[in-house]
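Chain order of the listed sequences is V and X.
Using my numbering, the letters of the first sequence map in sequence onto residues 142 to 410.
Using my numbering, the letters of the second sequence map in sequence onto residues 142 to 410.
Derived from the structure by calculation, the hints contain no laboratory data.
Be careful, since some hints might not be right.
Which copy? The list can't say, so a pair holds if one copy fits it or any two copies do.
[What the hints assert, rightly or not] Simulated pairs of lysine-lysine, BS3-like, Cα-Cα distance not exceeding 30 Å: (1) K185 x K211; (2) K300 x K337; (3) K319 x K300; (4) K168 x K185; (5) K398 x K155; (6) K211 x K168; (7) K168 x K319; (8) K398 x K218; (9) K398 x K154; (10) K398 x K168; (11) K155 x K370; (12) K155 x K337.
Protein chains: 2
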Amino acid sequence: MTTEELVNQIQLKKSFLCIGLDTDLDKIPPHLLEGEDPIFEFNKAIIDATQHLCVAYKLNIAFYEAYGLKGWQALEKTMQYLNSNFPEIFTIADAKRGDIGNTSTRYARAFFEELDFDSITVAPYMGRDSIEPFLAFESRHTILLALTSNPGAFDFQTKQAEGRELYKSVLEISQTYKNAHNLMYVVGATKAEYLKEIRELVPDSFLLVPGVGAQGGSLDEVCRYGLNKNIGLLVNSSRGIIYASNGVDFASAAAEKAAELQGQMALQF
Amino acid sequence: MTTEELVNQIQLKKSFLCIGLDTDLDKIPPHLLEGEDPIFEFNKAIIDATQHLCVAYKLNIAFYEAYGLKGWQALEKTMQYLNSNFPEIFTIADAKRGDIGNTSTRYARAFFEELDFDSITVAPYMGRDSIEPFLAFESRHTILLALTSNPGAFDFQTKQAEGRELYKSVLEISQTYKNAHNLMYVVGATKAEYLKEIRELVPDSFLLVPGVGAQGGSLDEVCRYGLNKNIGLLVNSSRGIIYASNGVDFASAAAEKAAELQGQMALQF
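Start from the sequences and build out the full structure, keeping to the hints where you can.
Written out as structure tokens, the structure is:
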């Protein structure tokens, strides 16, 4: 999906909501566990109930890998379902990969070609030749970790590195990479006050913003500092939406929570 | 496996060789492609031919993920084969994972419990709460990226961060993490001259050193600067060993290359 197509969807739906499918067998409604593929059945029900309210789904790959083969099967089925039925929705493999060049190419193929994701999150630590293999895929997007939502972000990301914080170096240096127009960045909602300076460095880039909801980030603050002329944000909520209810009404409860966030987002249009 | 058991194996075999099973269907001998599970068959043959010469196998997870379900099956079978037949050999999931706390726990379970690896490589960018969930597993090891072997390492890792290079901050700060005794570090063989200073910061830690062979690192230099009283090194070679021949003699050719390296290593005992 091109950035332009994503922007069109955002305008059409008056939404920049991304829903995180962090599907956990210990947390989904117990009545689903009797089925053949409870992970996929849960995802399908959440997608059917919320697809009109969001523009993106983010699948945290750890949750699928944790179940081995069964998890990969559910991941593949979920992606096939999304791409067959809702090809206009942007998909994110939240994988935080990154390795030396030929290995990054392998990961890129796995997520962009085999699984047909529109984008993948990538860790910047290994630098240019670990990231450019992802950027080489046209109409796919590489979402680089810049400033993450967790407390450990202060261990290294905010360290002064040659006169500026490391995450700012990541933003600036990555903009010199080949096909940098395919870059987006992760900035945690819990660090909304940093968004103003981030916007000065990458005014046009899309930012994927996790941490609204369960992690305590504020949508208002994220909008105040993060919006650009194309909206330029994908605000993610996972647990706050998908686990809104543990009963047979889980899908409609998720839709209600998603509608709440989409309603707040619509005020920005 | 405990560190002590690993050290015993190293002394017993007079080897600190790690063989990287970066198994690629485009590179393995064509006659294997007719079989039912060529990835596993290749791995099994390499393992059988080299297990007496090395103390560790490193499986780069990207190579398996790239083949989707089939790849995961081959990964599981390879780990079952290794753990059933050669439980004394240290196994490394070269996965370079790292995510917020509860997600890192998922990855830790996938690799330590489901797949039963002894260790996993982890990226440090997200800091303490992304790494401690891995360290919480006793007798498992978390191998943190410090200074990697690729050119992109100079983008961020060697940046001066608050008076010292970022990779040195990673070494120092990570030593304050809970269960830091379960830490090892990745230091590329192509950066052997840095090993002297690294040894001053982490004199007792095991270092996983990729980049000998195809990437151009020198075993002699790595030994000169990197050895400690317990050896303290796992030197990895992947392509240089496993693709030594593309014919029916591939396993014996791999054994020959492995024996060459082991022979050089034996001089250190």
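Checked hints:
| no. | hint | result |
| --- | --- | --- |
| 1 | K185 x K211 | both (16 Å within a copy, 24 Å between copies) |
| 2 | K300 x K337 | both (18 Å within a copy, 24 Å between copies) |
| 3 | K319 x K300 | both (26 Å within a copy, 21 Å between copies) |
| 4 | K168 x K185 | within (16 Å within a copy, 38 Å between copies) |
| 5 | K398 x K155 | within (16 Å within a copy, 61 Å between copies) |
| 6 | K211 x K168 | both (17 Å within a copy, 28 Å between copies) |
| 7 | K168 x K319 | between (42 Å within a copy, 28 Å between copies) |
| 8 | K398 x K218 | within (25 Å within a copy, 42 Å between copies) |
| 9 | K398 x K154 | within (16 Å within a copy, 60 Å between copies) |
| 10 | K398 x K168 | within (17 Å within a copy, 50 Å between copies) |
| 11 | K155 x K370 | within (14 Å within a copy, 63 Å between copies) |
| 12 | K155 x K337 | within (23 Å within a copy, 57 Å between copies) |
The structure fails none of the hints (numbered hints given earlier).
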